[in-house]
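Participant: One letter stands for each residue in the lines below.
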Amino acid sequence: MRTANGLPATAAEPLPDRQVALIDLLDRLLSGGVVLTGDLVLSIADIDLVRVSLNALIVSISEQNPAPWAAVPPVRDDHEG
Amino acid sequence: MTEAVTYAYAVARDDDGTLETELSGLPGVADAPVRLVRAGQDDDVVVAVSPVPAQDFREEALRAHLEDMDWLETVARAHHRVIEALAVRATVLPLRLATVYLDEERVRLMLKDSREAFSTQLSEMTGLVEWGVKIYVEDPPAAEGPAAPSAEAGLSPGRAYLSHRSAQRHAREDAYREAEQVSRDVEAAARRHAVARVQHRPQQGELARGPGENVVNDAYLVPQQAADGFCTDVLRTADGAPGVRVEATGPWAPYSFATSLDTEPVKRATP
Numbered sequence: 001m002r003t004a005n006g007l008p009a010t011a012a013e014p015l016p017d018r019q020v021a022l023i024d025l026l027d028r029l030l031s032g033g034v035v036l037t038g039d040l041v042l043s044i045a046d047i048d049l050v051r052v053s054l055n056a057l058i059v060s061i062s063e064q065n066p067a068p069w070a071a072v073p074p075v076r077d078d079h080e081g
Numbered sequence: 001m002t003e004a005v006t007y008a009y010a011v012a013r014d015d016d017g018t019l020e021t022e023l024s025g026l027p028g029v030a031d032a033p034v035r036l037v038r039a040g041q042d043d044d045v046v047v048a049v050s051p052v053p054a055q056d057f058r059e060e061a062l063r064a065h066l067e068d069m070d071w072l073e074t075v076a077r078a079h080h081r082v083i084e085a086l087a088v089r090a091t092v093l094p095l096r097l098a099t100v101y102l103d104e105e106r107v108r109l110m111l112k113d114s115r116e117a118f119s120t121q122l123s124e125m126t127g128l129v130e131w132g133v134k135i136y137v138e139d140p141p142a143a144e145g146p147a148a149p150s151a152e153a154g155l156s157p158g159r160a161y162l163s164h165r166s167a168q169r170h171a172r173e174d175a176y177r178e179a180e181q182v183s184r185d186v187e188a189a190a191r192r193h194a195v196a197r198v199q200h201r202p203q204q205g206e207l208a209r210g211p212g213e214n215v216v217n218d219a220y221l222v223p224q225q226a227a228d229g230f231c232t233d234v235l236r237t238a239d240g241a242p243g244v245r246v247e248a249t250g251p252w253a254p255y256s257f258a259t260s261l262d263t264e265p266v267k268r269a270t271p
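Chains as they are written, first to last, in the working numbering: chain A, 1 to 81; chain B, 1 to 271.
One thing to keep in mind: the hints can contain errors.
[Claimed, not checked] Restricting the straight-line Cα-Cα distance to at most 25 Å, the calculated cross-link-like pairs of lysine to any residue (SDA-like) are:
(1) B:LYS112 / B:THR18
(2) B:LYS112 / A:ALA21
(3) B:LYS112 / B:THR126
(4) B:LYS112 / A:VAL35
(5) B:LYS112 / B:LEU102
(6) B:LYS112 / B:ASP44
(7) B:LYS112 / A:ASP39
(8) B:LYS112 / A:THR37
These aren't lab readings, by the way, just hints derived from the structure by calculation.
So here's chain B without its partners, still in its complex pose:
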């Protein structure tokens, strides 16, 4: 086999020592097997890792690969697959995509150094899941169509066109206003259940899946048992706002909330 380096996916709490079986047979990044690294024997804080080809994950190669959307998607989905498998059984702190070490021993040293910080964050995240909430302003019907002559009978073609455009603009402005109201309602509804929020940039560009324009792209950290109520209340906010659509995605491992070991711990909402 070619030279290998070690790809690290996540830190997790292996409460009962059975996490390794959850991962057996699961293909990780580069279809490599997934293993658990521990700071000491029987330690419950583990790092999930895979051996990956060094030639693909050295800095320069990685830079080039990351420009390749298919490669990026393959790695992202493999990374996510491992996170999801861990999350079935354990509390998980996902690591940033493409965190790579020279070998497992280097991972073990890192884990030894940061074990207490990881352990604290794992405790913070226990029983919490991430839900994404996106708000879209939907495209007004027939937005790009030509002016409808029948509706503006009696007007000259130029005036009819302007009148039609003006109506479209007003419809759009109304939809944005509705979306602002919905976003306030979503926030209020979410705060009843969630303990934290992170705002991502609205999704645009070729990968953004409409229909409509994404105007809010937030992530909330929600206690597992509150997830049903969270979704119901959040999705309900779009009722009566015809130009606005609310989508919820999840449950996710707490990707958006596990970002650094130095940040303030997540504050729990007081009931």
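So here's chain A without its partners, still in its complex pose:
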């Protein structure tokens, strides 16, 4: 029972003062967040941005590395109950 930083997970932990793993952050910042068309557009479709930035470093975002039992594209899966 550990969190990413090896400490026990406590939901009450305050938001600041935590150094999050860069890869967890990039998972969210490069494929999450509301996409708006800014003025200085990076054709901000996530794939473009991700390809530009990380081709060598984060293999996980490439198409070539499916999970062992299933390819899992980032999908929404809202569910009820």
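Since the structure of chain A is already known, use the hints to place chain B on it.
Facilitator: For chain B alone, coordinates are given in the frame of chain A:
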């Protein structure tokens, strides 16, 4: 100062008009101060922005910078720092990294156009936090070591090697099977508390922090008051599955769930 453009971090609900004080002195991207843009005076839907140097955030420069891992990390952490500061006091819709406008007036026009959609999504996200859940298959002990001769006494070196490799393979297969079971248990446990899930790709490559192989990398949207129970139940699923590790990260602002203003609203679980 050199020419500046406007970097937008997030949309937030400034319920009591005190959000600006939360941001005072906080360094944003490019160490710039963070300000709030409103569509109209006293409007509670705000966009957090910073002036950043145009030369670094124009499309071409940005493309080049994003290939630079140190630059990317600095911007990502600054972006996150602002989101976290906002999240202490407010419901937040993070924006995608590197959303840039020509000036604050352009942000204000955008906000004016989309204010109602933002307001609806902010209401949807009120009281909800994101938790990440990752499942790892741990490396079997001494996986890469040479065949242990004592364990296979009586076998020729070739057969001993094969027997050892076969045992390793079986251990690995068992661990994957266990991980599948754990992932089902995690899903069941998570559904008791969470209202939505998004699946990210498993983490691989140089930035992935093991140990072991990441096989599930999901994000769940959880009511704040259910977060303790969520973590406890999710982490408990790995008990009795020695080759499998479950990690929870959070609470995060709802990065993985605030993705587009057009998507279906998050459906609340019926109790």
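Participant: Hint by hint, note whether the structure agrees.
Facilitator: Tested hints:
1. B:LYS112 / B:THR18: holds (21 Å)
2. B:LYS112 / A:ALA21: Distance of about 35 Å is beyond 25 Å: violated.
3. B:LYS112 / B:THR126: Roughly 21 Å between the alpha carbons, so the hint for LYS112 (chain B) and THR126 (chain B) holds.
4. B:LYS112 / A:VAL35: Judged against 25 Å, a Cα distance of about 16 Å means the pair holds.
5. B:LYS112 / B:LEU102: This hinted pair holds, its Cα atoms lying about 16 Å apart.
6. B:LYS112 / B:ASP44: holds (12 Å)
7. B:LYS112 / A:ASP39: Judged against 25 Å, a Cα distance of about 16 Å means the pair holds.
8. B:LYS112 / A:THR37: With a Cα-Cα distance of about 14 Å, the restraint between LYS112 (chain B) and THR37 (chain A) holds, given a limit of 25 Å.
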